[in-house]
Amino acid sequence: MTSPRSLFLILATTVVWALPARAQQRDSVEALKRLSLDQLMNVEVMSVALRPQRLFETPSAIQVITQDDIRRSGATSLPEALRLASNLQVAQVDARQWAISARGFNSTTANKLLVLIDGRTVYTPLFSGVFWDVQDVLLSDVDRIEVISGPGATLWGANAVNGVINVITKDAKETGGLQVTGGGGNELRGLGSARYGGGLGAHAKYRIYGKAFSRDPTLRPNGQDAPDGWHMGQGGFRLDWDASASNRLSLLGDWYDGRIAQANPGHIGVSGGNLTAKWAHPLSAKSDLAVQAYYDRTHRDIPGTFGEDLDIYDVDVQQRAAVHPRHDVVWGVGYRLINDRVVNTDSLAFLPPHVARQWFTAFAQDEIALASDRLHVTLGTKIEHNDYTGFEIQPSGRVNWTFSPSRTLWAAVSRAVRTPSRIDRELFVPATPSYFLAGGPDFRSENELAYELGYRHQQGALVLALASFYNRYHGLRSLEQVNPPNPTPIVIANGQHGESYGAEATASYRITDDWQVRAGYTELRVHIWPNPGSTDRSRGTAESHTPDRQLSLRSSLRLGTQWSLDGGFRYLSEIANQQLPAYAELDARVGWQPVAALEVSLAGRNLLHAHHAEFGTPAARRGIQRGVYGMAQWHF
Amino acid sequence: MAFLTLVTVLTSALLLVQSPRASEYQVKAVFLFNFAQFVDWRSPPAQDPRAPLLIGILGDDPFGAILDETVRGERLGERPFEIRRLRQLRDIEACNILFISRSENERVEQILAAVQNRPILTVSDGDDFAKRGGMIQFVNDKNRIRLRINVEAAQAANVTISSKLLRVAEIVRTPPR
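Protein chains in written order, with the numbering used here: chain A, 1 to 636; chain B, 637 to 813.
These are calculated hints, taken from the structure and not from any lab test.
Predicted model only: the values in this text are computed from it and were never measured.
Watch out, some of these pointers could steer you wrong.
As the list claims (entries may be wrong) - Okay, the calculated bits of chain A under chain B, using three or more residues with CB under 8 Å as the criterion: (1) 34-40; (2) 241-250.
As the list claims (entries may be wrong) - Calculated Cβ distances over 12 Å to all of chain B for the following chain A residues: (3) V29; (4) T108; (5) G223; (6) F237; (7) G269; (8) P487; (9) D514; (10) T541; (11) D548.
Each residue gets a CB set at the ideal place from its N, CA and C atoms; glycine is no exception.
This is chain A alone, in the form it adopts within the complex (with noise of 0.2 Å):
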């Protein structure tokens, strides 16, 4: 269908480029250079990130993973690089299952979280959520991971419910050269990657990687093997090219295959690729254009269970307007169409098999400057449609005060959904009547109301945040007892609502140019209750596992030139509602580079027990075991 909204899309685009060019670049550089050293370093340039960098002002609770946490936290994989983010909830349920989830509602098939990399969204229409096992990228070409706790949803969308994670990869200009890994160990028995960077002419860059690894199985509860052993391996590019001073034009793409161990007969096989194109064209100093589109195609067989293939194709329209000295406008649109084909088996069944769905977005954001820039407010909405539940708007409001140049106080009003996926109306189990477990036919979307308020104060070397928020929800999922008290059948509906409250507290201080510390520290409770007239008694049991409370404590020091050591403890207190006890672990890692061009590590993983559970009911539980690997990296 050729929407309204597609050709309005396609006539928006094309006036703007048609914007007459040179006289205006003559006259934005004149009222450049009228501006005052201060007026100056307040511009705002428009980077070549469709949506990133943007958030970054805006007044939530926001952490930045830097490449140099990311290389000496020693993860060496997407999940475990989160582990640095503490206001996530990140546990590791086997060998490949991680649950992610920010201000709670986590398990491994968690819905409220928005995962991009390179501004894609990664995510599965069958349960709205994140497979980690094939989330991966060469961790050193990472330029930073963002992850906002809090709903992202008027500017990022449906899902974006309690936070969004937003992993961006290095502009191939940075990562020139032949660059070698290799190492291994007990738990990552071995990993090696290889990345070629060059150029193409003087103003297009490229790299070319490419990388493999085998990850050991955990603990059953017997103290046994589990069935998860895995190995995956994956390449990709990423091409650069600053056609001119204002187009900049990005080509990035991955290709993934891997092989998981299970109980049931057979292995999980897992393949997938992606290609992404990116456009930036900055329009003046004020405004700034970016189009991005997407094509993401992948596959999951799990033998005796299901199998899947999804192609997702998605195109970003977005544009910035400092329209008015005291308003910054962002206003974008999005089209999305998935072609879902699932294969059943005996035990469960999606029915359709194969679906074809689309999404229409549209947003726009205000960024309104008052009180001589110290106080901003924002207003800004989402209007998405979806083919389940038709239009859902997703509106929030932010203000922002900055009463002295190191202290900024924040709160925030915010509406967000999360729509339905394929698990919520279309899941049977088993594949045939009589079904133990339906989908709910008339399922809606799940909303949420969130209030929060914080305060970022800087003093010298020392940075401290506190975010603190409480939310409201309506329309959670529940499972309907058809013929209660009898436990099944069941059916899914939305009979359920509760609430979440809690604080993020972070600090980090540098003691020395050498030695810096950090500390995060999570409090978090939520609450889910049954509607009048439900018959569900789970009480958000399937909806939520979070523990109360979790610290982290890392250190960062470096030793001379040559030496570096690393630290990470973490405690999490209990998840009561999967009797998993609490517990405490440490990370480590020790670098040394003898020479600029090599680097030698060794590191430690949960080093403070033999083993231990981070997910999951006593039966069903895994133990994860201590690590330790060895890895060398040169750089030619």
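Using the hints, position chain B against chain A.
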């Protein structure tokens, strides 16, 4: 229809890869131009007061025509500005301001060693430029351009940076080796 949209947007994008207007480097170009007014080179006094003030770009030029456009028709006292794209390291001697492109990131030390103690204001947006002994580093921070200045490096080369410029910058030192 998604494909139609996609194809239209992408083809339009490819057709329109021309018009030079800038963002990040437009601002950086204006900074470079401004630096001339906030820096005092204790250069040889006998210099011709009308000699052009030379801004050199070493490495891949990220500015395109922007920098030329920024300084066109401008003068510092009686000195006009001149932009020169440098091919070799030995060409840097005549510069008053030397912009070192990110493409030279890996040999910054070598370049700075070649500049050493000449009254040349060294500027770059390369990684850790100021800490590595460069004078002024552009840092992208939250979509804004910040300045990081290594005063010691400037002093060592007899380049005096005005307090007006220092006030808006972050001051760093070269870590002791």
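Taking the hints in turn, this is what the structure says about them:
no.: 1; hint: 34-40; result: holds (count 4)
no.: 2; hint: 241-250; result: holds (count 7)
no.: 3; hint: V29; result: 5 Å, violated
no.: 4; hint: T108; result: 31 Å, holds
no.: 5; hint: G223; result: 48 Å, holds
no.: 6; hint: F237; result: 18 Å, holds
no.: 7; hint: G269; result: 28 Å, holds
no.: 8; hint: P487; result: 43 Å, holds
no.: 9; hint: D514; result: 8 Å, violated
no.: 10; hint: T541; result: 39 Å, holds
no.: 11; hint: D548; result: 34 Å, holds
Checked against the numbered hints given earlier, this structure breaks hints 3, 9; the rest are met.
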